[in-house]
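S.K.: Positions -21 to -1, 1 to 303 (mature numbering (1 follows the signal peptide of the UniProt record, and there is no 0)) are the ones given, in order, by the sequence shown.
I should point out that these hints are in silico values taken from the structure, not numbers from a laboratory.
Idealized CB from N, CA, C, for every residue including glycine.
A portion of the hints provided could be inaccurate.
What the hints assert, rightly or not - In silico DSBU-like pairs for lysine-lysine, Cα to Cα no more than 30 Å straight-line: (1) 142 x 51; (2) 142 x 287; (3) 189 x 232; (4) 189 x 163; (5) 232 x 287; (6) 22 x 51; (7) 142 x 22; (8) 142 x 167; (9) 232 x 167; (10) 189 x 167; (11) 22 x 232; (12) 51 x 287; (13) 142 x 163; (14) 22 x 189; (15) 287 x 22; (16) 232 x 163.
What the hints assert, rightly or not - The following label-pair restraints were derived from C-beta to C-beta distances: (17) 70 x 276: 42 to 50 Å; (18) 141 x 282: 14 to 22 Å; (19) 267 x 144: 30 to 38 Å; (20) 105 x 40: 40 to 48 Å; (21) 296 x 105: 35 to 43 Å; (22) 31 x 71: 42 to 50 Å.
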Amino acid sequence: MQLKLRKIVAFVGVWSCAAFAQTTLHTTTTLVFVPTLVQTPDKDLVFSLRAEDFVLTDNGVQQRVTLEEQAKRPLSLVVLMQTGGDARGQFPSYAHLDTMIAELLGEAPNEVSIVNFDSQPEAASPFTTNVAEWGDAIDHPEAGDRGAATFDSLEYGLDLLRKRPAGNRHAILLLSQEHDVGSKMPLKEVLRELGETNTAIYSVTFSAEKTAARQAFKDPGSLNKPLHVGEGDYQAYFNLSEPLRLILGAMSKNTSAEVATLSGGEWSSFDNAQELAQDLGGLTNHLHNSYVLSFTPTSSEPGLHTIKVRLAHHPELLVSARSN
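Use the sequences and the hints to build the structure in full.
M.R.: Okay, structure coming up:
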């Protein structure tokens, strides 16, 4: 009887463990972070707001908002720097870019990874808290091919951020021309991943057309070769390829700016080293002085959610935040 009883007890124990393993439950709580910039009509930053001052809706339903303390959340930043296409015409503007990125990053434990891209993203530098380690490569990049695969590179950067500690803030600094050339990744997929990874895009763009037109007059054997007119040695410059490209480019959408706006980040444009320094200086101020709101959606419905943020009692102030 004792032997049989032991067998029964052992059987029940094994069966119970198997049943427990089969009924393990998994639950997921979605916490959404919403970087929010508040300014006066004169573009001065507003610092004194509290969580109750913000009204945030998710698909039209008001949510309970928490105001995060940024100092407690390290920043993981990916810098996507275009080196292909017409970007080489802007390389002189990058002479002190490492110093500007260091100021933007701030102090440790904030971390950064640098990625160059042309028709595809190149291998990323390891995440580091010391930008100076890659200073020479940042300030003096090598020219890439003719591509400018912005969407593919954003997806690459988002994948890098997805592997960083879950408690970190995520941001991408995009230094590129205004529109994508050659990506395989569709824009809608990039936007979906932005929402899933709580990533803000900060886009600083140059005009590929203006840069190429200026470069065409600098390069030996430029695209604007002289045409002989009439008899004798008269010459004139009537090659319209670059002016036409400038006009057509102006008609294209600034997709880099659109992505930044939809993510709750910012965008600006530059044409020389001084303007780039001004843009990154302003961005540094905003990045480290914006509010970070968080909420757990009351609706678990899958798919794209529309987010709107406003102030309860200050309609005169300007509010910038992610929209989905």
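S.K.: Which of the listed hints are broken here?
M.R.: Hints 7, 19 are the ones this structure does not satisfy, whereas the remaining hints hold.
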